[in-house]
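Protein chains: 2
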Amino acid sequence: MLEHFFSPKTVAVIGASREKGKVGHDILKNLIQHGYKGTIFPVNPKAEDILGLKTYSTLKDIPEKPDLAIIVVPAQYVGKIVDECAEKKIDSIIVISAGFKESGIEGSIREKELYQKITRHSIRMLGPNCLGLIDTQSCLNASFAADMPEKGNIAFFSQSGALCTAILDWAAEECVGFSKFISMGNKTDINEVDLINAMYEDENTKVILGYLEGVKNGNDFIAAARKTAKKKPLIIVKSGGTAAGSKAASSHTGTLAGSEKAFDAAFKQSGVIRANTIEQLFDYARIFSYQQLPKGARVALITNAGGPGIIAADAIERSELQMAELSKDTIETLRRSLPPMANVYNPIDVLGDAKSDRYQFVIESVIKDPNADAILVILTPQAMTEIEKTAEVITEIANRTDKTIATSFIGGKRTESALKIMCQRKVPNYPFPERAISAIEAMYKYTLWQNKPAPEIKNFVMRKEPVQAIFEQVKKAGTTYLSEESAKQVISSYGFTIPKSIIAASETEATKAAKAIGYPVVMKISSPDILHKSDIGGVIVGVKNEQEVKGHFSDIMRKARHHMPEAELKGIMIQQMVAGGKETVLGVSHDPQFGHLIMFGLGGIYVEVLKDVTFRIAPVDKNEAREMIQEIRSFPLLRGVRGEKSVDMDAIVENILRLSQLVTDFPEIIEMDINPLVVFPEGNGAIAIDARIAIHASPPERTN
Amino acid sequence: MLEHFFSPKTVAVIGASREKGKVGHDILKNLIQHGYKGTIFPVNPKAEDILGLKTYSTLKDIPEKPDLAIIVVPAQYVGKIVDECAEKKIDSIIVISAGFKESGIEGSIREKELYQKITRHSIRMLGPNCLGLIDTQSCLNASFAADMPEKGNIAFFSQSGALCTAILDWAAEECVGFSKFISMGNKTDINEVDLINAMYEDENTKVILGYLEGVKNGNDFIAAARKTAKKKPLIIVKSGGTAAGSKAASSHTGTLAGSEKAFDAAFKQSGVIRANTIEQLFDYARIFSYQQLPKGARVALITNAGGPGIIAADAIERSELQMAELSKDTIETLRRSLPPMANVYNPIDVLGDAKSDRYQFVIESVIKDPNADAILVILTPQAMTEIEKTAEVITEIANRTDKTIATSFIGGKRTESALKIMCQRKVPNYPFPERAISAIEAMYKYTLWQNKPAPEIKNFVMRKEPVQAIFEQVKKAGTTYLSEESAKQVISSYGFTIPKSIIAASETEATKAAKAIGYPVVMKISSPDILHKSDIGGVIVGVKNEQEVKGHFSDIMRKARHHMPEAELKGIMIQQMVAGGKETVLGVSHDPQFGHLIMFGLGGIYVEVLKDVTFRIAPVDKNEAREMIQEIRSFPLLRGVRGEKSVDMDAIVENILRLSQLVTDFPEIIEMDINPLVVFPEGNGAIAIDARIAIHASPPERTN
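Going line by line, the protein sequences match chains D and W. Under the working numbering, think of the first position of the first sequence as 1, with each following residue one higher. Under the working numbering, think of the first position of the second sequence as 1001, with each following residue one higher.
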């Protein structure tokens, strides 16, 4: 995929320049000087030769069809050049030029036109307003970055060009190599989804990194990420999520940043490893690039200093990792050979006077221990410490074991040459142990995700027609909210259990209905015009007998007429009174990037005050629904405390799935609450007591 | 304080050695070669001259009294040398030698004897089992560290010697200088409290850093830290807090690590800034060392790249800081002078082509803006960027403004020389913006703490005698738990309101009592032998009238006799039935390092399932008590949701203070629960429904 971008045989640079310091010059120089083997065609009407290459006045003059065209002309000429590319049947272009969406209204219009043009001609485009891209495999540096990164197996794509230049400079110091390095610019055509899909295919890429401020199409992103993460780690820093951040984001690239919740859910559901900082992005990248995945959570620590060992043990305790409990054999072996003062339990303290041979002996012993999945070797430079030699020993072992090995050599000048050794031989070193543990944890969590079954979306057979009819009616009326009755009818059509209810137009009908439903009952005014029924005294709960029904009937009707004389009154709804069970809440909101978000939480104050809720992007599958229930803090209340029985978890799962299917079938739903969904003890199901649904006249648009 | 340790006029090295690589050699060499101006007396019976210095056979032979003796002889001879020190009236010694508590039982005994000896002779001792100490002001390097740090205003003390060597090496690279650098070893005599007090006095120290695995005396620590933190920042990494960590800690230094909760509370109460990692310790140290405290929370971001600006804005949003809203004047000024594409709102985007003059103009404008308290300048190396010159501009301004300024120059080689400039001119640079924001936040939170009033412990006039009597009785009986009646009597003596209750021996007494208290009442079997009253049907709530009282009386007595025929029955307790209000819990636990911890939370599932509780170390003052209430997650439930009235916060505060005084007056209390403490709406107080108290025969010992 996108071969012409990453390994073109011929490249044209339109806007190539003789003038040093100009972007059109730097790009050409980068193409020439890093060993690219293909043919380069500079295009510049005012030059015959640039940097020793024959230069063409126009694209047309080039004797063959270039695989890739890099466009570096001022924004207002880009359209014309694209026309020429189309004539020449060029299918891949990089537009470096700025002056599009990021620069205001005029630029936005220009960008739209550009997009229409390339779509018409089936041209794929990277940019505009980007730094270009680098492929170290084909030695292609089609960017104006000042550096060419080392070859490596890490691919990086970024929504910020400036960050690209900073990272290239920084990565050189940190000895991080790249397979591909891509600045996406305004993402008018090629975006994260295309690149993830391309990296998925790329044999030279083992780890995919991204810096994102938003995604173009949430569902496509999830699909691409989910597929890719099964094969290789996809680690992303997403910024612009918080209120302040997204303010900055929209003034920056015009991206409407998705809410944090939606991104969190999307990443969780698609196996994306989220890095919180750029530093963490590369901390993670290095271990994934260099090491094998751990088979489990158990980490052995080997250290020549107590303090850092404790620091690492603390970090493990705070993580999802575990301290390895070494086998008896290992402990015996260590005890026999280490000095008596050494600690042979995890963390293994090889003591301050340990030379490389003692480290070697201990690491050799621990890699044989079936109780350890990963090893962190900690070293502080002390008088006797053989720093380089220990690095050599560690890397030699690391290259022949299938356990995950990382190091934390703590120091400055003294550890420098050892770090070089480690870097060359692919053992990730971290300046402090906590960062090493965090990286190992990221790997471990990734293995957990990889082992999960792929989501299977269940399709219930539902009665779509009544829902369709109700929605059409609402749309026709030009309103947004459904009446309570309609909302309940909708969820009932999708298999939710709702309380039995009958609308009674008279006292007699009311007493008959109450008898049929069974006492006690709830009485509610029924009117499409009255939304807040309680406020006008339109709801009475716990109505116990015929006499009470009669009394309340006239009373409620009178109050309704008094408070809202204009309202159309259909009568009084007699409803089954639900007792017992636990109140939960199901909800739906709509995110402009990812579409429908399903929410679950405990009812009442748990949602309102403690905000103890969880989200997933629809559609969700059974396992995801179960995870939602388990990850709220108040989950123990559902499972039952103090000898209580558990609530019917399967009923919650099923209701989540039904809700997920409802919003998938009807994208016009923009907001929904099922509150409360009362859940009964195991095996006894759940009842949706109340529902609110808001729809949009037309299905909500995605940002593009 | 401890002058002889930090600026001795004369130093003896007992165990000085001619042999390179020996600790006794390295220490002598360190003393000589870093410019120490005092007199050095090497002591070695087998040498006349070491490293060009006249060497003495024994301490006795030295013609004068050395201010400081450094002991580097094998552990078994240390005692004898200390005797000689005592004869010579030496009052300050550093014991470098290992072979004490850290090495097993024999070593522990040796350490105890050593401690007794120095106490007897009023000698102060650093160590044993330490690296020594460094004072850059007096050019004293009394350690066997391989490096001499730069002069600086940061003091560092560490419970891990190996960490010291690693940090010295690392700090040299990072251009961090120190005033004092101390390895505490086993902390047998001099510990963190002595050092904090000494650094408090030290004029050359602006920031105090510590690495701790535990503290010797919690109360002394809090007192010293609280006093010191009012004057200068005290930043500590505490490790060994988690279960795995403290396992490692006790096998390492024999320190019984205090629980995380206790340390968190102690740090919070004493203004200690807690760093989570060593990296963060120095991230914080640099900004405190270089910059002035911000006057408020508002941060302005200036960047030449959008992405990093968004990253920083996100970090601010997640912190307690705020994005500065620039004044109209500033925005106008910027708009007038910056290119039209620049973003003149915070984050201010000076654009990729910004040279140093544009940075200068913007920073000058922002430091005049009253709406900004701190400024983070972000730079990514782009084609036009003047990296060094911008660093010069920033540092020049930073040195004449009273606003807090930090930078985040992102890159590698390209930014290196700029970082040197920044470091020399005291502007802290962070490789990524998130770390800069975290450091500014630490400063801001410190200013908040500094502005808090000093805690004032209120002393209620309490009836101590009845409590004393009850405790003596319990101790005499050799039990631990007080009966419910006694526990309630105890808290009632300390001013807690408890439900009215009367013990009735007969039906007649019972009905009389119930009438006096007022219906409805609770009836409970009263017996010192029956702990779980409900289990035998010994508790009835909501007893409504005389007839019911009579019925239940005989019923409860019969059940009690049936289930526990041996129990002594005092009759039935008739108790006021408390209705309404919100259930909270007050508790006390005992930490071996810090003493009594006071706990507060909401009752029931909030404590049991959601673990939504908070702790402070006793004694607490009014403000601390109020903070406890406000920091639980479910605080909004107390303040009132959905139009409810707030509960009586003052009553909770007062009860916390009374509890604090109770455990301070009676250290033998080792565990306590007041559960529930029912709190009524504002102005209506609180009632302690039930109490449990456990005491220790003798006041619990502190770890030493």
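Don't read these hints as lab results, they were simulated from the structure. Among the hints, a few may not be true.
Pulled a few chain W residues facing chain D out of the computed Cβ check, cut under 10 Å [claimed, not checked]: (1) Pro-1074; (2) Gly-1104; (3) Gly-1161; (4) Ala-1166; (5) Ser-1239; (6) Thr-1303; (7) Leu-1379; (8) Glu-1388; (9) Glu-1392; (10) Thr-1395; (11) Arg-1400; (12) Glu-1608; (13) Val-1609; (14) Gln-1630; (15) Val-1641; (16) Gly-1643.
Covered by chain W, according to a simulated footprint, are these stretches of chain D (three or more residues, beta-carbon under 8 Å) [what the hints assert, rightly or not]: (17) 304–312; (18) 406–419.
Partner residues aside, some chain D positions facing chain W, computed with beta carbon under 8 Å [unchecked claim]: (19) Tyr-211; (20) Phe-267; (21) Glu-279; (22) Glu-434; (23) Pro-592.
C-beta atoms are modelled at their ideal positions from N, C-alpha and C, and glycine is treated no differently.
Which earlier hints turn out false for this structure, listed by number in ascending order?
1, 8, 9, 10, 11, 14, 16, 20, 23
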